[in-house]
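*Asks:* Given chain A, work out where chain B should sit, using these hints.
Chain order of the listed sequences is A and B.
If you're matching positions, the first sequence starts at 1 in this note's numbering and goes up one per residue.
If you're matching positions, the second sequence starts at 620 in this note's numbering and goes up one per residue.
Some hints could be false.
Stated by the list, open to error - A few chain B residues that don't get close to chain A, going by computed Cβ distances all over 12 Å:
(1) Arg624
(2) Arg632
(3) Gln741
To be verified - 20 Å max Cα-Cα, derived PhoX-like pairs, lysine-lysine:
(4) A:Lys523 to A:Lys538
(5) A:Lys8 to B:Lys630
(6) A:Lys237 to A:Lys605
(7) B:Lys767 to A:Lys5
(8) A:Lys5 to B:Lys822
(9) B:Lys630 to A:Lys15
(10) A:Lys15 to A:Lys5
(11) A:Lys3 to B:Lys630
(12) B:Lys767 to B:Lys782
(13) A:Lys486 to A:Lys405
(14) A:Lys8 to B:Lys822
(15) A:Lys479 to A:Lys442
(16) A:Lys491 to A:Lys479
(17) A:Lys535 to A:Lys523
(18) A:Lys133 to A:Lys101
(19) A:Lys3 to B:Lys822
(20) A:Lys29 to A:Lys8
(21) A:Lys101 to A:Lys3
(22) A:Lys522 to A:Lys538
(23) A:Lys5 to A:Lys133
(24) A:Lys535 to A:Lys522
Worth flagging that the hints you see were computed from the coordinates, not collected in a lab.
Only a predicted model underlies this, so the values are computations on that prediction, with no experimental measurement involved.
All C-beta atoms in this analysis are idealised placements derived from N, C-alpha and C, irrespective of residue type, glycine included.
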Amino acid sequence: MLKDKIEKHLLEVQKPSRYIGGEVGSIIKDKSKVDVRFAFCFPDTYDIGMSHLGMKILYSLTNERENYWCERCFAPGLDFEEIMRANDIPLYALESLDPIKDFDFIGFTMQYELSYTNVLNMLDLAGIPIFAKDRTEELTQIVVAGGPCVCNPEPLADFFDLFILGEGEEVNLELMDLYHEMKQQGAKRIDFLRRAAQIQGIYVPQFYHFSYNEDGTISGVTTTDGAPQTVKKRIIKDMDSVYYPDNFVVPFTEIVHDRVSVEVLRGCIRGCRFCQAGFIYRPFREKSTDTICKETKALCENTGYDEVSLASLSTSDHSDIDPMLTRLIDYTVGERVNLSLPSLRVDNFSEALLNKIKKVRKSGLTFAAEGGTQRLRDVINKNVSEEEIMNTCRIAFEGGYSTVKLYFMMGLPTETDEDIVGIADLAQRIVDLFYSIEDRPKGRGVQVSVSCATFVPKPFTPFQFEPQDTREMIEHKQKLLLDSVKTKKVKVSYHDPNVSMLEVILAKGDRRLCQSIYTAWKKGCKFDSWEEHYKFDKWLEAFAECGIDPSFYANRRFEYDEILPWDHLDYYVTKEFLIRENKTARMSVTTPHCRLKCSACGVSKEIGGPCFAKSKSDI
Amino acid sequence: MQRVRAIFEKKGRAKYISHLDLNRCMLRTFRRSRLPIWYTEGFNPHPYYSFALALSLGFESSCEILDFNITDDNMSMEEIRDKLNAVMPEGMSIVSVAEQKLKITAIAKAEYSFSLVSDDVQGLYDAVQQLLAQPEINIEKKTKKGIKTVDIKPDMEVLTCEKTDDSVDMRMYLPAGTQTNYNPTLFFEALSRTTDVAFTPEKILRTGILCENNEIFS
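Looking at chain A on its own, in the form it has when it is part of the complex:
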């Protein structure tokens, strides 16, 4: 039995409870009564994957169906991988401890580009052919992927049988139903893929064929096997009736987000031009306060967690935020549960609520200012003004805080040296503000942390056309920033530009990159998002061997009239809108958020009416 084989070596590895299942809340079924088995794979370690909310939702949702069994699977740590390879332990799922190669579906969630090599590694560990073309003709072992990265799945096209675009709550079951039906009929893999391609939201890459111009850009995409010319993503219409789990798997070992997570809304009204999530998750839809409170209570009681956090892109944009937080705080205080409120803007709350929040908020103060000057913040449509930052800092300092964290991006479109110096100036003004306040916290100085990421242009954003700064440009800007900081009270940290470069290549690449990813993995690349495992030189070797010029993807401006690798996928926002936004950005003009004014991004046409009722647009 595989279990005995695993247990024989389990005490030799770090945090063994990650590899053996048996957690409270995990769902065990009698496999003789199960028709379709789904291995939900997260291409990173347990500690990270178990924190992922989407997996929790789809895991419970699938398992509600008596004859379908969804199990979890994660990338093993390097220590355990070595043992697995040495002892012929194939990658297995945590509920049944059965090898995932025997499953009907092997589904990956693609949350970030730097996990692509882990997918290959996991398929290899499982004993599943890495390339879709090498898999059996029989109807089994369908390798699928969903998640934000599949909005441009092309760099992964050769490895997957199909991609699921958009939200999975409905389409996953439709796909499994189709599989179940066709399995009973004795259909082949190819028959299933042909039928699956007809379901809205399902993209079967092998039915799409690219041709290229001499300059390397795409000249056209044709389809075969009756697949539609464009594939449209799926969304859930009503957030109050959509399935949400009333229980989570509660891990033994500590995970990154070790708490109950309640989704309060999907989508975002803000339209920050660099933010992929802000566009691909449109339209904005929220859950009612009643639903949120009901789900919070059920999850706290069933899991035993003593901490809840609200999940969304911008919680304060919930239309009922004040009463909602009041009710949640009353519940959590009564039950001795901690409520954590990430992505919260504190500017427009009532005094009474602010006092309540102060009681539950222990974490530090964080601002995503993103740009160092107002001009640049207007370019990226980040509607946060220096006045707002200063006001909130003042309130926080007066309330006893003495540390502030600021997030910025470097290498944004139109950015100049002035904008970089602006970052240091802004941090300095916060330091000055602290010392100008009479009742500032005594005894300790102020600490302003400035964290600088390198801008990565992403598909389906107005900046999808933009090149990324070259490494030389970024290094110049990093040095300039360090030189501009004149005090030790401001601490600067920044990302490795080599990591951001790979990120943009994989984000904006086409299917000619598949071979490079395979080659990089062959050369030992995996866990690329882990600094200690990142091997940029191996990636460069892989690109060179495969005849790929990384700067073609990273540092080249994609033209408005160019066929982009993701143009045949429809995420509701139109390319015309993205071009319009790109032009508006270049004029440093902002676009009001969706509640203020509809910007005709294309979503309302898809959902058959305005995203917000008229009355709300007057707010």
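*Replies:* Frame of chain A; chain B shown alone:
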């Protein structure tokens, strides 16, 4: 307020829950049970509970001790046990619940059983006998102050030592509690230093927590 002592098993897959993780796990188990457990009254109130002895990762036990307080004086011990058992993780279950009688400091020793699996059972058995016949069994023990050599022989009490088809099975008392704590792995290390016979310790099980006079701690 009732001062409660629960005896629980930790077996099967639950043996991979580390002591640190067990703390978190128990907190969530209490919360799921909705038992009226007493909270500390400090600045940051938290449920008060404690484990009498830590159990090494990978060991099983039939006798772990968990102390806590219940604010409802009318709640029966059976009800407390049942409410916890309804929400315990796989491999863990409450065997019994009773009022706390003795102080934790009364714990003096623990009983362990284990199998030393080997291809050469006779050779291993002889090696064990030889080791046990020595006047001293010195091992190097890591302490906070560094490594020191201790003789575990005087405090070690072998109860049984039997051959099976593929192993040497033993039961022994080892000191446990607030003063001295010896882990069976110390014995395994001493054994592997005295013999070339390869063996793997398996099924390490703590079967009893006892007072100085060999009475079960309760």
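*Asks:* If a hint holds in the structure, say so; if it doesn't, say that too.
*Replies:* Against the structure, the hints:
A cut-off of 12 Å between C-beta atoms confirms that arginine 624 (chain B) is not in contact with chain A; the least separation is 22 Å. Arginine 632 (chain B), annotated as away from the interface, has a beta carbon of chain A within 12 Å; the closest lies near 4 Å. Distance to chain A confirms glutamine 741 (chain B) as a non-interface residue, since its nearest Cβ pair spans about 24 Å, more than 12 Å. Only pairs whose Cα atoms come within 20 Å are accepted, and lysine 523 (chain A) paired with lysine 538 (chain A) is accepted, the gap being roughly 7 Å.
Proximity of lysine 8 (chain A) to lysine 630 (chain B) is assessed by CA-CA distance (about 16 Å); at most 20 Å being required, the pair is judged to hold. Taking the CA atoms of lysine 237 (chain A) and lysine 605 (chain A), the gap is about 14 Å. The hint holds against a cut of 20 Å. With a C-alpha separation of about 36 Å, the suggested pair lysine 767 (chain B) and lysine 5 (chain A) falls outside the 20 Å cut-off, and the hint is violated. Restraint check: the Cα-Cα separation between lysine 5 (chain A) and lysine 822 (chain B) comes to about 15 Å, which is no more than 20 Å; the hinted pair holds.
As the CA atoms of lysine 630 (chain B) and lysine 15 (chain A) are separated by approximately 17 Å, the hinted pair is consistent with the 20 Å bound. Between lysine 15 (chain A) and lysine 5 (chain A) the CA atoms are separated by roughly 17 Å; this keeps the pair inside 20 Å, and the hint holds. With a C-alpha separation of about 15 Å, the suggested pair lysine 3 (chain A) and lysine 630 (chain B) falls inside the 20 Å cut-off, and the hint holds. At most 20 Å may separate the alpha-carbon atoms for a hinted pair to count; lysine 767 (chain B) and lysine 782 (chain B) exceed this at roughly 33 Å.
For the proposed pair lysine 486 (chain A) and lysine 405 (chain A), the alpha carbon gap of about 17 Å is at most 20 Å, so the pair holds. Between the alpha carbons of lysine 8 (chain A) and lysine 822 (chain B) the distance comes to roughly 11 Å, so the proposed pair stays at or under 20 Å and holds. Of the supplied pair hints, the one linking lysine 479 (chain A) and lysine 442 (chain A) is violated, its CA atoms being roughly 33 Å apart against a limit of 20 Å. Of the pairs offered as hints, the one joining lysine 491 (chain A) and lysine 479 (chain A) holds, with about 14 Å between alpha carbons and a cut-off of 20 Å not exceeded.
With a C-alpha separation of about 9 Å, the suggested pairing of lysine 535 (chain A) with lysine 523 (chain A) holds against the 20 Å cut-off. Taking the CA atoms of lysine 133 (chain A) and lysine 101 (chain A), the gap is about 16 Å. The hint holds against a cut of 20 Å. Among the hinted pairs, lysine 3 (chain A) with lysine 822 (chain B) is consistent with the structure: their alpha-carbon atoms are about 15 Å apart, no more than 20 Å. Distance check on the hinted pair: lysine 29 (chain A) and lysine 8 (chain A) sit about 25 Å apart at the alpha-carbon level, beyond 20 Å; violated.
Among the hinted pairs, lysine 101 (chain A) with lysine 3 (chain A) is consistent with the structure: their alpha-carbon atoms are about 16 Å apart, no more than 20 Å. As the CA atoms of lysine 522 (chain A) and lysine 538 (chain A) are separated by approximately 10 Å, the hinted pair is consistent with the 20 Å bound. With a C-alpha separation of about 32 Å, the suggested pairing of lysine 5 (chain A) with lysine 133 (chain A) is violated against the 20 Å cut-off. Note on lysine 535 (chain A) and lysine 522 (chain A): the hinted pairing holds, with a Cα-Cα distance of about 12 Å set against a maximum of 20 Å.
Checked against the numbered hints given earlier, this structure breaks hints 2, 7, 12, 15, 20 and 23; the rest are met.
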